[in-house]
Amino acid sequence: MNEENELLKLTDVSTAFKIDGQYYPAVSHVDLEVEKDEILAIVGESGCGKSTLATTIMGLHDPQTTQISGQAVFAGQNLLEMKEEDLNDIRGAKIGMIFQDPLSALNPLKRIEDQISEVLDYHTGMSSEEKHARVIELLNQVGILEPQRTAHQFPHELSGGMRQRVIIAIAIACKPDLIIADEPTTALDVTIQAQILDVLRDIQAENHAGIILITHDLGVVAETADEVAVMYAGEIVERGTTAQVFGDPKHPYTRSLLRSMPQGDMDVLHDDLYVIAGSVPSIEKMPQTGDKFAPRIPWIKASAHEEEPTMHEVAPGHQVRCTCYQDFYFQRLEDVDQ
Amino acid sequence: MWKTILRRVLIMIPEIILLSILVFLLAKAMPGDPFTGSINPRSSAAQIEHLKQINGLYDPWYQQYWNWVVHLFHGDLGQSYQYHEAVSNLIGDRAVNTLWLSAFTMVLTYMLALPLGLYAGKHEGRLPDTVIRIYTYVTYCIPFFVILVIGLWIFGYVFNWFPTTGSVSPTAHGMGVLSSRLEHILLPGLLGALFGTVNIVQYMRSEVIDAKHSDYVRTARSKGVPNKDIYKHHIFRNSLLPIAAFGGYSITGLLNGSIFTETIFSYPGMGMLFIDSINYRDYTVITALVLMFGILNLLGTLLSDIILGIVDPRIRID
Numbered sequence: 001m002n003e004e005n006e007l008l009k010l011t012d013v014s015t016a017f018k019i020d021g022q023y024y025p026a027v028s029h030v031d032l033e034v035e036k037d038e039i040l041a042i043v044g045e046s047g048c049g050k051s052t053l054a055t056t057i058m059g060l061h062d063p064q065t066t067q068i069s070g071q072a073v074f075a076g077q078n079l080l081e082m083k084e085e086d087l088n089d090i091r092g093a094k095i096g097m098i099f100q101d102p103l104s105a106l107n108p109l110k111r112i113e114d115q116i117s118e119v120l121d122y123h124t125g126m127s128s129e130e131k132h133a134r135v136i137e138l139l140n141q142v143g144i145l146e147p148q149r150t151a152h153q154f155p156h157e158l159s160g161g162m163r164q165r166v167i168i169a170i171a172i173a174c175k176p177d178l179i180i181a182d183e184p185t186t187a188l189d190v191t192i193q194a195q196i197l198d199v200l201r202d203i204q205a206e207n208h209a210g211i212i213l214i215t216h217d218l219g220v221v222a223e224t225a226d227e228v229a230v231m232y233a234g235e236i237v238e239r240g241t242t243a244q245v246f247g248d249p250k251h252p253y254t255r256s257l258l259r260s261m262p263q264g265d266m267d268v269l270h271d272d273l274y275v276i277a278g279s280v281p282s283i284e285k286m287p288q289t290g291d292k293f294a295p296r297i298p299w300i301k302a303s304a305h306e307e308e309p310t311m312h313e314v315a316p317g318h319q320v321r322c323t324c325y326q327d328f329y330f331q332r333l334e335d336v337d338q
Numbered sequence: 001m002w003k004t005i006l007r008r009v010l011i012m013i014p015e016i017i018l019l020s021i022l023v024f025l026l027a028k029a030m031p032g033d034p035f036t037g038s039i040n041p042r043s044s045a046a047q048i049e050h051l052k053q054i055n056g057l058y059d060p061w062y063q064q065y066w067n068w069v070v071h072l073f074h075g076d077l078g079q080s081y082q083y084h085e086a087v088s089n090l091i092g093d094r095a096v097n098t099l100w101l102s103a104f105t106m107v108l109t110y111m112l113a114l115p116l117g118l119y120a121g122k123h124e125g126r127l128p129d130t131v132i133r134i135y136t137y138v139t140y141c142i143p144f145f146v147i148l149v150i151g152l153w154i155f156g157y158v159f160n161w162f163p164t165t166g167s168v169s170p171t172a173h174g175m176g177v178l179s180s181r182l183e184h185i186l187l188p189g190l191l192g193a194l195f196g197t198v199n200i201v202q203y204m205r206s207e208v209i210d211a212k213h214s215d216y217v218r219t220a221r222s223k224g225v226p227n228k229d230i231y232k233h234h235i236f237r238n239s240l241l242p243i244a245a246f247g248g249y250s251i252t253g254l255l256n257g258s259i260f261t262e263t264i265f266s267y268p269g270m271g272m273l274f275i276d277s278i279n280y281r282d283y284t285v286i287t288a289l290v291l292m293f294g295i296l297n298l299l300g301t302l303l304s305d306i307i308l309g310i311v312d313p314r315i316r317i318d
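In order, the protein sequence lines correspond to chains L and V. Here full-length UniProt numbering is used: position 105 in the first sequence is 105, and no number is missing along the way. Here full-length UniProt numbering is used: position 152 in the second sequence is 152, and no number is missing along the way.
It is possible that part of the hints are untrue.
As the list claims (entries may be wrong) - Here are some chain L residues pointing at chain V (derived, C-beta under 8 Å):
#1 Leu60
#2 Asn88
#3 Leu106
#4 Pro108
#5 Val119
#6 His156
#7 Ile170
Stated by the list, open to error - Listed below are the simulated BS3-like cross-link pairs for lysine-lysine, each with C-alpha atoms no more than 27 Å apart in a straight line:
#8 Lys175(L) <-> Lys3(V)
#9 Lys83(L) <-> Lys94(L)
#10 Lys175(L) <-> Lys83(L)
#11 Lys36(L) <-> Lys83(L)
#12 Lys3(V) <-> Lys94(L)
#13 Lys212(V) <-> Lys110(L)
#14 Lys18(L) <-> Lys122(V)
#15 Lys3(V) <-> Lys110(L)
FYI, nobody ran anything at the bench for these hints, they're computed from the structure. No residue lacks a Cβ here, since even glycine has one placed at the ideal position from N, Cα and C.
Okay, chain L solo, but in the shape it has when bound (with noise of 0.2 Å):
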């Protein structure tokens, strides 16, 4: 790990949400560092804290009803101690974020150019002239073919490959530092994912951005990640660089996810895609001590499992938590059909 190219260092991060007066953990003890020109993907189910975890580190949470512990150090400042003041002189200008539904993330009453100068207001001292000179470059920077008219449009007159790309715009505005993309391709069909993980890349290697991508699609993953963090239950289940993860998965969750992904051929073989038994449990059902993917492998003994899992390392850079993937194997179709 070089110091000098170290952008974000998070440190033990957890984020509980308070739900009927009790706090319950929806992130836990994570650790991950971020690089510039770095893509760093963090993968993982629905409801396993990918999001929570992005809105945590650009403290988007209500203080009221979240409880956040942890360090998350950028340019020396530990961002989850910040005040809001001085936080708001970071969003937006040193990172910027990428939400996940691009219609819901635009403000219906207002033109695309007010939306995107908006961020120019406060983190620049442009003229008028100059911010919306600004608008026209960033719009044309992430593919939108006639930006003068687009500028001008409201965001229910764009499609919503369009308005994802609004949205990144909004995002890169201040060139900045890192930026975090919460499931940007999700809402897009397959060719705009494709053309809007372009931009995102064009992007990179003009501002030397790290990006953390959020994602639970393994194929843009594979396609775009340096390094990879599987997410499982609010806890980094697994980590290391692409190939490794990929190439040499080893926790049961992971190889798990790997096995569910289509891969070409294998509907020749199987009639079925491989299946994770149950769903993750709701965050007031979540086992609080133990290895929480255990219930899911129930065939796997419970003497394979850490009392208190932690991470060990399997190979410079690769870490996975638990020991249960030296005696993880995958159940026989004939006994799941039991």
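On the provided structure of chain L, position chain V as indicated by the hints.
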């Protein structure tokens, strides 16, 4: 946009014709007639018959209707049987009174309701919100006329702060007329606003809470927009949308007057005129008023559509 407005106005014509026939027939269907009991008790049956005859009450309904419409187009709404005065003059006087009271109530209502709703929504679940919500629930649970009677009793009779009847003191002149008017509308206006705010506060509060948790507000936060600007630029305007449409419609209510308020405060406005005309079977006044309320309603829906089209870019009128 003008095309749409013109089209909507044209569609209103058959609606108004239908409405006028309905109004006319309903008024005719009421039992009794304006001469029953309102004429010198010594008049003979023959004289009453004669009056009915010359007033055209024995003509077939379509002929009576046609006469009425022809007069309508000459600006003649007929004579009030009760007040022996041209209906248009009568309505004119009462409309001015009602307009004063309703406009004052409406301005006061929105001035109170919008900040209260915004404040409650902003501090959702905390003490100020709870206090405002208790106020709205309690007020909503009490019938409006009870509020009026209690208010009248406490502030009118017990404390004697406000006049309890009328619209303007008969002895007032010059600038005194204006201040006398204000004095008379202050209490009914305040009580009306107290009651009227309830709906709008609740509306505004839930809109603010919705907007506060919306994705576009989260986007604005991620841009580094400070909280007070988020309320100013994003939450307030977006929360105002349904209220703006509602407000456009309620403008038509300015002339309807409130039957409760005007009756309890003996305020000579449209509401009281309406109730009186029904009690006296004053056909000409009833038909004129109902027709007018009907037309105002049609205009109100058009107005609220136009306002919505102006404030919400997603709704386009072209």
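Hints versus structure:
1. Leu60: holds (6 Å)
2. Asn88: holds (4 Å)
3. Leu106: holds (6 Å)
4. Pro108: holds (6 Å)
5. Val119: holds (5 Å)
6. His156: holds (5 Å)
7. Ile170: This hint holds: Ile170(L) lies near chain V, its Cβ roughly 7 Å from the closest one there, short of 8 Å.
8. Lys175(L) <-> Lys3(V): Given pair Lys175(L), Lys3(V) is violated - Cα atoms ~46 Å apart, limit 27 Å.
9. Lys83(L) <-> Lys94(L): Judged against 27 Å, a Cα distance of about 16 Å means the pair holds.
10. Lys175(L) <-> Lys83(L): Holds, at about 23 Å.
11. Lys36(L) <-> Lys83(L): Cα-Cα ~25 Å, so holds.
12. Lys3(V) <-> Lys94(L): violated (49 Å)
13. Lys212(V) <-> Lys110(L): Given that 27 Å is the threshold and the Cα spacing comes to 16 Å, the pair holds.
14. Lys18(L) <-> Lys122(V): holds (19 Å)
15. Lys3(V) <-> Lys110(L): holds (26 Å)
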